[in-house]
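As they're listed, the protein sequences go chains A and B.
Numbered according to the working numbering, the first sequence spans residues 400 to 662.
Numbered according to the working numbering, the second sequence spans residues 400 to 662.
Every clue listed holds true.
Since the list gives no way to pick one copy over another, a pair counts as held whenever it fits inside one copy or between any two copies.
In silico EDC-like cross-links for lysine to aspartate or glutamate, where the CA-CA straight-line distance does not exceed 20 Å:
| # | residue 1 | residue 2 |
| --- | --- | --- |
| 1 | K551 | D477 |
| 2 | K551 | D653 |
| 3 | K456 | E523 |
| 4 | K551 | E658 |
| 5 | K492 | D639 |
| 6 | K551 | E468 |
| 7 | K551 | E465 |
| 8 | K529 | E618 |
| 9 | K456 | E657 |
| 10 | K456 | E658 |
| 11 | K492 | D509 |
| 12 | K417 | D479 |
These are calculated hints, taken from the structure and not from any lab test.
There are 2 protein chains.
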Amino acid sequence: MKNIQQLTPKQIRNLIRKGKWDRPTAGLAMGYAQANLVILPRRYAFDFLLFCQRNPKPCPLLEVLEPGEFKTRFLSSDADIRTDIPRYNVYRKGKLEGRVKNIKSLWEKDLVTFLLGCSFSFEEAMLRSKIPVRHIEEGKNVPMFVTHIRCKSAGIFRGPMVVTMRPIPSDKITRAVQITSRYASVHGAPIHIGDPATIGIKNLKKPDFGDPVTIKKGEVPVFWACGVTPQVAVTKARPDLCITHAPGHMFISDLLNEELAIF
Amino acid sequence: MKNIQQLTPKQIRNLIRKGKWDRPTAGLAMGYAQANLVILPRRYAFDFLLFCQRNPKPCPLLEVLEPGEFKTRFLSSDADIRTDIPRYNVYRKGKLEGRVKNIKSLWEKDLVTFLLGCSFSFEEAMLRSKIPVRHIEEGKNVPMFVTHIRCKSAGIFRGPMVVTMRPIPSDKITRAVQITSRYASVHGAPIHIGDPATIGIKNLKKPDFGDPVTIKKGEVPVFWACGVTPQVAVTKARPDLCITHAPGHMFISDLLNEELAIF
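This is chain A alone, in the form it adopts within the complex:
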């Protein structure tokens, strides 16, 4: 188990499926894309798919399964969405009911699974280009902020855009924009560069989620759309049932981050 960093996505999913790994997935299967999970009953699925279509930067869809399907096709050929995620959050009417290690007993024929891209994918590309990723350097969770930017609503789903912040040296901002632009299916290019107040953020030292990070002299705060956005929209909509991954406990796919790049 100490060598889990060396395992393939398939081997890691296998451990998770057997209940032998229930911790966060950051740093595992480097090079491979990880995905956020949202599961909703069929009656909410069109609205949520439409919400993602209208808000592709915070809600970049990697794969959507047919109602009742629990095997992925695109992200992996052998994954079972009911067992292959280390921890799940179960929400009823928008309230967290529990955190579980598999959802086999909760599975129903009308459940629709959405898998969304995650910024781990472009952070790896930033590091390769020697662009600092401060929260990784400092061993923290990325700082996240609720902005005053409204998402485009769709059916019952609406809410503010949540963003992540990474401090970037001013002479590397152009390169950071270029690199993350290639990864449109994992949040893509920044949505804002510079003054936090412009997008309704009052204090960079007090993130709404995650941890504050150091901003050094000569660095500019750069903001990317964040996968917490659809979670906030789903919680606000209070569907009868919603299952997500527990924060940081992602689905590990067989797709290389590089395969997600536009070109």
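Using the hints, position chain B against chain A.
Quick look at chain B alone, frame taken from chain A:
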């Protein structure tokens, strides 16, 4: 009316709405994006939205309206989808029932409107870069071919990918790929370059739709995903009702083609 080429999208939609223009829209409102139309009852909408999500190259969604909505928000702030398209095709159970100039009498509260990108947008960018667009030079409709590439199915929707073909001088292929890559929301980069047999096309002189065009010495056939693909999938699925634009009679939006470019 002879100066229709000089009118704005809003002015042209106004003429169309009054029944004063029922002809094809190619060459109108140059610089502005035109869109394909598909309208389906709500019960088919999730499957079709999923089909588009899984097949973004042939089915690039520009805007999807809520059930019953007939006013666009993103593509225009004053358009009425029931009247602002020069001609509509009405299909029942996959069969063409009629061609009409507006669909006010057919409108129902559960109809969902999908507007999809069209290659007019990137052809304009090609011409600006001095890349020949043969069917425009020859005053023809673009040649379209049914390939043996299967789209990813979604619910009741499935079918082959249909492609357009443009002959490109071999020293301009790289540039043609680069330019069309920028327009991911209007079919984007080519899906195939070269030998037609590789994607199941037998005879370039006999397109399945549109007109054959001249391929000159030193030119290579280049293939892009085509918006006829979703129409074929919809026809095969035989929904109770489906309304589309009549071929060539598109929705003219207020969005500049340039606004659709990735960067």
